[in-house]
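Protein chains: 2
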Amino acid sequence: MIWYNDLNDGIILSTRIRLARNIDKTPFPSRLKDKTKVREMLSDSILKSNSTLSKDFTLYELSKLSQSEKTAMTEEHLISPQMINDNEGAVLVNKDKTMSIMLMEEDHIRLQIIKGGYALDEAYDLADKVDDVMEESLTYAFDEKFGYLTACPTNAGTGMRASVMMHLPALVMTGNISRVLQSFSGMGIAVRGMYGEGTNADGALYQISNSITLGLSEQEIIEKLKVVVNKISDMEKQAREMLMNNRKDDFTDKLMRSYGILKYAVKITSQEAKTMLSEVMLAQNMGIIECNGKMTPLELMIKSAPSVIGGKDNLSPDERDKKRAELIRENL
Amino acid sequence: MIWYNDLNDGIILSTRIRLARNIDKTPFPSRLKDKTKVREMLSDSILKSNSTLSKDFTLYELSKLSQSEKTAMTEEHLISPQMINDNEGAVLVNKDKTMSIMLMEEDHIRLQIIKGGYALDEAYDLADKVDDVMEESLTYAFDEKFGYLTACPTNAGTGMRASVMMHLPALVMTGNISRVLQSFSGMGIAVRGMYGEGTNADGALYQISNSITLGLSEQEIIEKLKVVVNKISDMEKQAREMLMNNRKDDFTDKLMRSYGILKYAVKITSQEAKTMLSEVMLAQNMGIIECNGKMTPLELMIKSAPSVIGGKDNLSPDERDKKRAELIRENL
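Going down the list, the sequences are from chains A and B.
Count along the first sequence starting at 1, add 313, and that's the number in this note's numbering.
Count along the second sequence starting at 1, add 313, and that's the number in this note's numbering.
It should be emphasised that the hints constitute simulated quantities derived from the structure, not laboratory data.
Identical chains blur together in the list; that is why a pair holds if it fits in one copy or across any two.
Listed next, the in silico EDC-like pairs over lysine to aspartate or glutamate satisfying Cα-Cα at most 16 Å (straight line):
#1 K576 to E603
#2 K350 to E374
#3 K567 to E585
#4 K635 to D562
#5 K636 to E585
#6 K561 to D631
#7 K368 to D409
#8 K635 to D563
#9 K410 to E382
#10 K636 to D563
#11 K636 to D562
#12 K361 to D444
#13 K346 to E419
#14 K561 to E632
#15 K567 to E639
#16 K537 to D434
#17 K442 to D369
#18 K635 to D566
So here's chain A without its partners, still in its complex pose:
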């Protein structure tokens, strides 16, 4: 199932594990002249392996994809936004889109597992398994002291970035979000808004990830991340209860009005849409609203981003606002 349709508790929306790997004695992609040969070797490590994985993956060469196909893959977090303008890279994607292996992005290999809900151990085990399959036929650049070598030194060591996307609307509404997120700074944990920076994330979506990849084992990184995620999740739950117990009418009124506006608006900006869809998602999680539309609020949030809405048609901001409102009206 695509990650954004499998949301679990509505607070911890999705889990990602990303491993960066490079081939021994081979320049990093930015300095590699003939990428084709290396890229084929990398894709063969999956597609020609004896593992059952070989049949699960399909190879997409970016030069053969249209702009809108690449945009769609970015939406689903299967390729990085940088790869939209890349004509030399490729990506391996499995059938249910939980695994993607970008080839010739910043590193030779960027293996990513993405799952709906809270699944750090499961995602890491899967990443480790795929990594093992690839390593059967490849020799990674590895240093006893620095671990896996990567194009950017901040990724060296485990080469792993573990991250969890959290929906924290109640902490935003109560004004506690800054305090909560600041309290985890300096712990080797980074918090980024999925849309917008830092604590002003539109849609109240936050990526919580490890910022240190060196000096800790993969398991240690994951355990540390879990402690922080659990803590933030508890705080969000408390904030939701507080709003429901102490400010029920104002709180539910706000959520219901957002739902009403989204169902009838003729035009809507990206920021307004994200904020209101976040409120509807919250209302749905809390059983205040039942959404029976064709798309979940989160899917609509992803698909109503300016780049996605206006991408291929080169629409004006005003036209985008109308198209966005229409998309939401018809699918919420």
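Given chain A, put chain B in place with the hints provided.
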């Protein structure tokens, strides 16, 4: 049909003709000791007449009505708000509620015809006919120079107040309402907001009426009022066209959002409800929205006034806001 369900073009919502009459050689109600005898004589002039009207009317003595029955009659404009606390007066109302005859209000007789839409001549003819029936058995206080004598001198002369309720949301939105209404000052025409004073009427509802009752015939008063009403109506139509032609997206977006909010809000203030219901009424008139609810937006506007919503239950402002939102959600 009750006037607020028969709206015609959505600009001229309803028409009222009111005649003030008093009995010759009898003190005005405020100075009259024994009102019962006079009141019976007045009601007999209808109920015991040979006219077919006698069977159409029912007499309600205010002392025998409950507070909520009287509030309901005020909503429907069958009695004046002052009569809610009156235990000596009475009112005659016909079956379809287009006619009411208040007895022992400010004057002995306040005969009112109220019709949906634009119907000044029709309403006046009917008032004249009822007036004739009453005069068959009554002798009115009449002076050759001052015409019909009334408790308040401003009503002397014809004793007639002709008024039209207009819905002017587009003139409010374009900011032209003040200019339009000011242009008719000094012409013997008064403009009042149905809710709120002057040009800041909530719900964009305005009563246009004659302010002079002396020195002109009934027909002259009505013709003069028609000229003004037609002029304002044309201006409102032009403003609607302008909004639709030049600012269609912003305009329809505003109306549709109001509709969405009214359909989902958990609490809503009286002022917000009136403004939004006015916008929905406009959208309905212009064919932008089809309202299929149990009540028209105008009926909801009338029934969501604070006095009506909170009247008999003595609700707090917060409770009224919730009850109002519920009424609108369920009936729009």
